[in-house]
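Novice: Sequence:
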Amino acid sequence: MPKINDQRSLIMKALSDPYVLKILAYSYYSPKSIPEMSLKLDIPIASCYRKVKLLEKLGLIEKVGTKLTIEGKRVALYRSKLSQMAIEMRGSRVIIRLKVDESIVKYD
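Numbering-wise, my numbering puts 106 at position 106 of the sequence shown, and it's gapless, one number per residue.
By construction, these hints were calculated from the structure, which means they are not laboratory data.
Don't be surprised by glycine CBs; every beta carbon is placed ideally from N, CA and C.
Treat the hints loosely; a few may be bogus.
Below 25 Å or equal to it, Euclidean Cα-Cα: the simulated DSS-like pairs (lysine-lysine) are [unchecked claim]:
(1) 22 with 40
(2) 99 with 22
(3) 57 with 13
Taking CB as the label site, the calculated pair distances span [what the hints assert, rightly or not]:
(4) 29 with 50: 36 to 46 Å
(5) 53 with 12: 10 to 20 Å
(6) 71 with 7: 29 to 39 Å
(7) 7 with 72: 32 to 42 Å
(8) 68 with 9: 31 to 41 Å
(9) 39 with 95: 32 to 42 Å
(10) 10 with 83: 11 to 21 Å
(11) 93 with 35: 34 to 44 Å
(12) 83 with 47: 20 to 30 Å
(13) 57 with 95: 18 to 28 Å
(14) 30 with 90: 28 to 38 Å
(15) 6 with 89: 15 to 25 Å
(16) 76 with 101: 12 to 22 Å
Could you put the whole structure together from the sequences, leaning on the hints where they help?
Specialist: Okay, here's the thing in structure tokens:
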């Protein structure tokens, strides 16, 4: 697990990525597969896999199951754990508050 400052930097960088924000919003209400996210959100498949793996490492998305595609292939389903996000500036400090799975995770 990265140190808090490393974790904060990684989260700040991730949350500045439009693809990451799309993935988190799209997978919030129901689990989605990476190929589905890629298709519906118009994100290149390789980028989508990388972003989901990063979000999983950061604890912002989780694998919740699998399903069979119409081709008979098994794919993982992911769901966003992020329900709220607030970013504020206080002088030279940036404060990020995330609500993840009913708990508040604060990085400042």
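Novice: Verify the CB-CB distance for residue 57 and residue 95 against the hinted window 18 to 28 Å.
Specialist: holds (22 Å)
Novice: A range of 15 to 25 Å was offered for this pair. Does it hold for the Cβ distance of residue 6 and residue 89?
Specialist: With Cβ atoms ~21 Å apart, the hint holds.
Novice: Evaluate the given range 34 to 44 Å for the C-beta pair formed by residue 93 and residue 35.
Specialist: Holds, since residue 93 and residue 35 (Cβ atoms, about 40 Å apart) stay within the stated range.
Novice: If you check the beta carbons of residue 53 and residue 12, does the distance land in 10 to 20 Å?
Specialist: This hint holds: roughly 18 Å between Cβ atoms.
Novice: Assess, step by step, whether the Cα of residue 57 is no farther than 25 Å from the Cα of residue 13, and give holds or violated.
Specialist: holds (14 Å)
Novice: Take the C-beta atom of residue 76 and the C-beta atom of residue 101, compute their distance, and say whether it sits inside 12 to 22 Å.
Specialist: Hint holds: Cβ distance 19 Å, inside 12 to 22 Å.
Novice: Are residue 22 and residue 40 close enough, with their CA atoms no more than 25 Å apart?
Specialist: holds (10 Å)
Novice: Just to be sure I understand the hint, the distance between the Cβ atoms of residue 7 and residue 72 should be within 32 to 42 Å; is that true here?
Specialist: Between residue 7 and residue 72, where Cβ atoms are some 39 Å apart, the hint holds.
Novice: CB of residue 30 to CB of residue 90, is that within 28 to 38 Å?
Specialist: holds (36 Å)
Novice: Confirm or reject the claim that residue 29 and residue 50 have a C-beta distance inside 36 to 46 Å.
Specialist: violated (23 Å)
Novice: Within 29 to 39 Å: is that where the Cβ-Cβ distance between residue 71 and residue 7 falls?
Specialist: holds (38 Å)
Novice: Taking the CB of residue 39 and the CB of residue 95, does the distance hold inside 32 to 42 Å?
Specialist: At roughly 36 Å between Cβ atoms, residue 95 and residue 39 fall inside 32 to 42 Å, so the hint holds.
The earlier numbered hint that this structure contradicts is number 4, and it is the only one.
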